Each structure stands twice: as C-alpha cells, then as structure tokens.
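Residues per chain are reported as follows:
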Amino acid sequence: MSAMSKTSGGGRELLVIGVFAAIVLLLPFWLPLLGGYEALATKIVIWALFALGFDILLGFTGFLSFGHAAFFGTAAYTTGLMLKHVSADIIPALAVSVSLTLVLAIVLGFLTLRRSGIYFSILTLAFGEMLYAAVLSIFQGWTGGDNGLTMSTKPTLLGLPMQGLNVFYVCAVLLIGGFALARQIKRSPFGLMLMSIKENPMRLEYTGVNVMAYKMMAFTISGLYAAVAGSLMVVYEPYVATEFMHWTTSGEIVIMSVIGGVNTLLGPMIGAAFMLFFENVVQAFIGEQWKLILGAIFVLVVIFLPGGFIDLARRVRKAMGHMVPSRRDNVPDAPGSMREDRQKGRRADAQLGGR
Amino acid sequence: MSEQALLDVQGVSKSFGGLQALTDVSLQVRTGSIHAIIGPNGAGKSTLLNVLIGLIEADQGHVLFDGRELRGVKPHSIIQRGIARVFQTPQVFPAMNLLQNVAIAALARRDGQFSIKAAETLRRGHAIYEEAAATLERVGLGDHLEEQAQHLARGDKRRLELAVCLAARPKLLLLDEPTAGMSRHDTNRTIDLLKEISETGMTKVVIEHDMHVVFSLAERISVLAQGRIIAGGAPDEVRGDPRVKEAYLGGAQE
Chain G
367 MSAMSKTSGG
377 GRELLVIGVF
387 AAIVLLLPFW
397 LPLLGGYEAL
407 ATKIVIWALF
417 ALGFDILLGF
427 TGFLSFGHAA
437 FFGTAAYTTG
447 LMLKHVSADI
457 IPALAVSVSL
467 TLVLAIVLGF
477 LTLRRSGIYF
487 SILTLAFGEM
497 LYAAVLSIFQ
507 GWTGGDNGLT
517 MSTKPTLLGL
527 PMQGLNVFYV
537 CAVLLIGGFA
547 LARQIKRSPF
557 GLMLMSIKEN
567 PMRLEYTGVN
577 VMAYKMMAFT
587 ISGLYAAVAG
597 SLMVVYEPYV
607 ATEFMHWTTS
617 GEIVIMSVIG
627 GVNTLLGPMI
637 GAAFMLFFEN
647 VVQAFIGEQW
657 KLILGAIFVL
667 VVIFLPGGFI
677 DLARRVRKAM
687 GHMVPSRRDN
697 VPDAPGSMRE
707 DRQKGRRADA
717 QLGGR
Chain F
445 MSEQALLDVQ
455 GVSKSFGGLQ
465 ALTDVSLQVR
475 TGSIHAIIGP
485 NGAGKSTLLN
495 VLIGLIEADQ
505 GHVLFDGREL
515 RGVKPHSIIQ
525 RGIARVFQTP
535 QVFPAMNLLQ
545 NVAIAALARR
555 DGQFSIKAAE
565 TLRRGHAIYE
575 EAAATLERVG
585 LGDHLEEQAQ
595 HLARGDKRRL
605 ELAVCLAARP
615 KLLLLDEPTA
625 GMSRHDTNRT
635 IDLLKEISET
645 GMTKVVIEHD
655 MHVVFSLAER
665 ISVLAQGRII
675 AGGAPDEVRG
685 DPRVKEAYLG
695 GAQE
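For the protein sequence lines, the chains are G and F, in the order given.
Final position of the first sequence in this note's numbering is 721; the numbers increase by one with none missing.
Final position of the second sequence in this note's numbering is 698; the numbers increase by one with none missing.
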C-alpha cells in the first residue's frame, strides 16, 4: 500500500497530485492529437470523477454496487430541475443535488449494506431500478418521462457562462480535488479501516470496530462522488437523459473500474477514459460492430489481466527486467473479492455453528 | 469465589433448534487469573465463548463483565469494553502485511469503534506502526513485519492473531485453542508467552484440548460436558475429580 512505500513523504504526494493535475488540465489540448475533441475531454473528466468515487466503495471496501446510477441520475435530475426552475447558477444546483443524494445514500446504504457480496449487488440493482421506474412514472410531471428533462437554460457560475473550456476547467478542478481526497483517504487510518472491511469484516468487528458505520461512510462518500459527476453532466450539457438513471449507467461504471484496475484510483479513471474514447472516437473507425469489439476487450482483460490496464503497466515493467517492486501489495479483482466475501461468510457461519 | 470476578457468567442457556448446547452455565473468572475451560468435543466450549463476545445471543442468563451486562450489546461494543478473542481458525486480514494487521487493532483501541481520521497519514515510522512492530516482536514475528498475513504458516497466523488481540490491550483475553496445530516446540513457546502476558495482569480464558497446556497454564479450570459445568476448581482438584475422569480425561487423553 502506498502508506507503506519507502518514499511516501508529503513531497512525493504533492508531486503525484501535480503531475496528475497537469495531465488533466492539459487534456483539451492533447486529446485532439489522439483524434478526440474538447467536449470529450469534459465528459472523460466527469466520468473519471464518478469512477474515482466508485473505487472508494468497490476498490477499498469491496462492495460491488450495481445501483450507482441512482446517485448519478438523482443528482442529474435535481440539477436539471434547479437550473430550469430556480437559478441558472450552478452553485445552488450542485448544493441541492449533493444534499439530496446524501440523504438518498444514507437511506439506501442503511437498507443494502446489511448484506455483502452478490446479495448487496442485487439489492442495489433493485433499488436503482425502482428509482428509474419512479422517474418515468410517478415523477413524470417533473422529469419529462421518456423524453428526458429538456431545458433552454444556459448554466452560469457566478455570472460566468458555463460553456466550452469553462465547463471543462470546473470539472477538472473538482476531479483533481477528488483525486487528492481519495488518495489521502487511502493513506489514512480511515482508509485502512475501509480496506480491512474487504479483507475480513468479521475480524474487524471483533477487533472492536463498528463495521456498519465504516461501510455507510464508504457508500455515502462514493455516492457523493457520483452525485457531483451526475450534476456536472447536466452543467456540461443542459439535458437529462433517462439513461443517467438506468442500470446500464451502473453497469458502465463497473466495467470502467474493472478494465482499468480496481483499488488503484488511477485504474478506474483510465478505464473511464478508455471507454469514452472508444465509444466516441474509435467507434467511427470500426463501424457498426464497435460494441462487439468493446465486449471482446472487456472479456480479454478480465481473463488475462484481472488487475486491469494498470496491471498491464506493472507486468510490462516486470517483463522488461526492471525489478521495480510493486507498490500495491494486492491486485484484487471484483469477482475475486466477491468470492472471498462468500468464503468469509461461510467461515463466519462455521464459527457460529462450531461448538 | 467471592473475590472480584472480572467475568461473571450466570445461568446461561442456549439451544440451536432441538440441540441444547449450553444448560444453565455459571462460572466466575477472577481478575488477573488464567482460567481454562476444558471438555470433550461438542461440550459447548466455543458456543460459550461466542456468547461472551456477542457472536451468539444466549436464550437465558446473564453475562457480566466488570459488573456490566454484555447480553444484547453489539459485538464491537463488547470488544471496546476490553475483551479480545483469538479464534479457533485464525482470523486475520489476509492481503495486508503484519504491521497493518496489528495497526488496525491499535487504531481501534486509540480511536474507538468509529472515527474519521482521514487527515492523518499512516507513514512508515508512524507511532501506530512502531507500536505494532513492538507487539509483533513480542509474539516472535518481528522478522516478518512487511509480509502478507496470508503467506504465514498456520501457527504463525495464530501468533499474528494473538498480536492483533494484544494490541487492543484488553482486560480479558479469550483464547480458543491457542496451540492447536502447533508443534510441541511452538506450543511451549506459546505457553511461555501467555505466562509472560499474564504478568501484566491481563485476565485470560483459554479453551484447550491439550492437557499439557491446560495444566501448565491454568490457575482455575472449569469442565464443560454436554453443555453443563460438571466440575471446577484448581487444577489439582479437577485432575482428581472422578466425574471429570469419566467425562473427559479418561476418554480423551492419550
């Protein structure tokens, strides 16, 4: 873990954040060289923020949520409604969206975190779908139902029009802040507690730690990252598509995380960038069958690179003979951690039954 | 036993479906003592430990720790009151290194059951890691600080779990067969270690099959058979008790 690495000082941490900030801030300038475009850079940054938050739950804590679209979508709709009806300024819109999602995350966490592994995944999926159904039916009058929420508002930030590079820089600053926060969590006692939940929740509980409270925190923080991302999607393009709330959005964030490399923070962001780049740029070269190719890539990564793209870098370095020790002690993969969860569950059951 | 009892179990009963696992179990563990609970397989020893730490809730009876009721209290709160447990199957954090394993317990002691210490950075040399290293040294794992727990041999995992428990600095340490699967040499080392820890005044309850361990360690012994306490007292009294011989020693000792 980074906390244990030999060179982890405050200076090194600043360097990491600095390099990351430079790469992100210059994205609109180097992405076009690869065939991308400026607006795609904004979208990548937003989804990277979503993926970063998702890694705090899946990567650190080991809980695979299939319902994060609920947070992303709720915040998106709230932002849309705020911009349309209350104020074109994005600050109140973001504040209300994040607050509302916070309440939602606490309620959903309370209901779903009692189970782990596949049961948790199914519960989150079910609640996500319930919200999606509600958006299309009960709340149709507000949300625009199947058509999505349309508006003619031009969002602003303290009078500054939120267009083009302005939007990008707002999103980029939030991503850099989100990255620094996630890294700090990972290096802190709080992060160690989250990571030990994935390892052995039973041992943790019987070490005097309120496991449920830490799970709630991870779930909520992760939901808030998704909320900020969902809000920014509407700031970026003032329209709320119903798919923001759909389970396919939850599925996409899972795929991004897994192909990028869970529990590495950088990996899921790379996964997000890869997916968006593929969908928006590579697609044009491949033609109709691009989804088939993307599916094949996903399958190949899961089979041959269970640590994701980030693991590829490590393997290449190793293969090249640079015996640079890996800074990550573990390369967990989502299916593996679920399997472990179940084994741990069984072990706990055995303890319960054993006399 | 009129002296101070750190742990006072009063009339605890527990059944699983039709199986009566514990029947009216009462025992007192004196502060600072090493108390062994022995009995044949299936006697209810582990169930009793599980009741103590809240893993299983008793149907009847009371468990008083330091004079306060433990029944109905959440497991992590029970542990926070000053109890630690070594499980029969070593429970550690497999993909974490030994320092981290022990640091978690030290943090749980320092910060309580829940706290958001996100601004603090755990670097090499942090006080918590220094303390963890000293604790690991004490159980004889000082040479493996950065090794992953999952790569340890079973006996070493047990010692790691002991270090995790010691880092919590409990008043009462519950040990479920702490020497199972260990070589005689390692067993003797563990006995010495447990004796040494006792000098700090920590009270211990040990479940053990190995009579060598029981009679080298225990100051008091309670004998459990078919969910009932059938005898109790000092080791010599228990050794001579015909009921114990019949229920346990006669059959199980090789």
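It should be emphasised that the hints constitute simulated quantities derived from the structure, not laboratory data.
In this text the structure is predicted, and so the values were computed from the model without any measurement.
Some hints could be false.
Covered stretches of chain F (chain G as the covering partner; in silico rule of three or more C-beta atoms under 8 Å from a C-beta of chain G) [said to hold, decoys possible]:
no. : stretch
1   : 621 to 635
2   : 679 to 686
Not the full set, but computed from the structure, chain F residues with beta-carbon under 10 Å of chain G [stated by the list, open to error]:
no. : residue
3   : 499
4   : 529
5   : 614
Glycine included, every Cβ here is placed at the ideal spot set by N, Cα and C.
Hints, verified against the model:
Beta-carbon proximity to chain G at under 8 Å applies to 0 residues in the stretch 621 to 635 of chain F; the threshold of 3 is not reached and the given coverage is violated. Counting residues of the stretch 679 to 686 of chain F whose C-beta lies closer than 8 Å to any C-beta of chain G gives 0; at least three are required, and the coverage claim is violated. Because the closest C-beta pair between residue 499 (chain F) and chain G is about 6 Å apart, less than 10 Å, the hint holds. The criterion of a C-beta within 10 Å of any C-beta in chain G is met by residue 529 (chain F), whose closest approach is roughly 6 Å, and the hint holds.
At about 9 Å, the closest approach between the beta carbon of residue 614 (chain F) and any beta carbon in chain G falls short of 10 Å, and the interface hint on this residue holds.
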